[in-house]
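Q: Sequence:
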Amino acid sequence: MGAYISDNEPPVFGTPSPVDGSTNQPVSLTWSILISDPEGDSFSWTIECSNGQTNSGTGATNGNKTLALSGLAYVTSYTVWVNATDPEGSGLDTRQSYIFTTKSYDGSGGWVPPENKKPIANASAGEPYEGFVNRTILFDGSRSYDPDGFITVWFWEFGDSTNGTGEVAGHIYTRSGTYNVTLTVTDDKGAVDTAMTTCVIIYRVNHPPTKPTIIGPTNGTIQTTYNFTVIATDIDDDAIRYTVTWGDDTSLPNSSMFLPSGTPFTCCHWWTTPGEYTINVSVTDTQAGSLAQITMNITTVEQAVSSSFSVDIVVALGVLVVVAVISGACAIFMLWTKGYI
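Residue 195 in my numbering is what sits at position 195 of the sequence shown, and the numbering runs on without skipping anything.
No wet-lab data here; the hints were simulated from the structure.
The reader is advised that the hints may include incorrect statements.
[What the hints assert, rightly or not] Computed list of lysine-lysine pairs in DSBU-like fashion (alpha-carbon distance at most 35 Å, straight line):
(1) K211 <-> K103
(2) K103 <-> K118
(3) K189 <-> K211
(4) K189 <-> K118
(5) K103 <-> K65
(6) K189 <-> K117
Based on the sequences and whatever the hints tell you, model everything.
A: Now the structure itself:
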């Protein structure tokens with residue numbers, strides 16, 4: 001009877017992971033494949049990727065063989081070659097290649113983000129925009145929004161060759177008229193949108209401040225400092241300035257800076273000669289020609305003294321004491337007499 005010799009078969013490959021032709025793969029992964037020998041012989045193997053990374057082994061047994069891949073580029077196809085040799089059997093080897101493609105967006109798992117949507121500009125939150133010359137108008141862009149991100153810049157063009165920034169922006173017009181105002185918003189991806197609105201500015205009839213109230217004494221003495229406080233309000237809420245004159249024609253007026261309506265102003269003064277003086281307080285607002293005033297009188301009197309007087313007092317036999325006040329000084333004179341007076 002003759003001997004039977006069986007044919008040896010080379011190693012065989014299973015389905016790799018990721019599978020051949022797969023897409024949207026991460027840029028770092030472990031590529032693996034099942035390699036087995038039909039006769040159970042040990043074998044050597046090699047896995048090599050087209051990016052230059054490799055892994056290999058000898059005397060291996062049936063099981064999954066892997067190659068760790070990292071630093072892959074996005075939206076790139078890679079080829080992986082697998083080779084296994086059975087030196088114990090026929091010495092034949094098996095060689096196969098596989099392809100996969102990486103994802104197109106970092107961190108998206110292969111999802112391609114949609115095109116950025118532009119923001120929506122809206123300047124209507126503060127409408128109607130109306131006001132007066134030299135008064136602040138607040139423009140409000142808070143109704144603007146971005147459907148897929150957030151707004152980073154609000155830019156206002158006020159229609160008088162000036163501009164400003166901010167979700168809410170204040171502006172002062174120096175002339176009356178109707179102004180076309182443009183709001184431009186920019187989102188976090190750089191997309192922009194604009195919105196238009198109008199602002200009507202008019203001159204207003206100015207109302208003068210109220211007559212000031214003066215708080216202080218109405219009489220006093222020379223060379224003595226007296227404090228006076230004045231206060232007034234402005235119906236238009238304009239800033240006001242006080243000017244105080246003292247009626248002595250020898251001193252300069254006391255003037256305040258422009259102060260908020262209703263703010264008191266305190267100043268002081270003294271007079272050098274006796275007499276009756278009129279204190280004038282005028283108050284003006286920021287509109288030229290607006291004026292209100294009030295007058296109060298103060299009388300300063302020099303301290304009264306007698307030119308001279310005397311009192312005769314009999315204190316003892318033959319002694320006469322005369323007490324006299326002359327020009328504010330007190331003098332005592334002792335005179336001898338012959339008896340009671």
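Q: All hints are to be evaluated individually against the structure, with a verdict given for each.
A: Here is what the structure says about each hint:
no., hint, result
1, K211 <-> K103, "80 Å, violated"
2, K103 <-> K118, "26 Å, holds"
3, K189 <-> K211, "59 Å, violated"
4, K189 <-> K118, "9 Å, holds"
5, K103 <-> K65, "24 Å, holds"
6, K189 <-> K117, "9 Å, holds"
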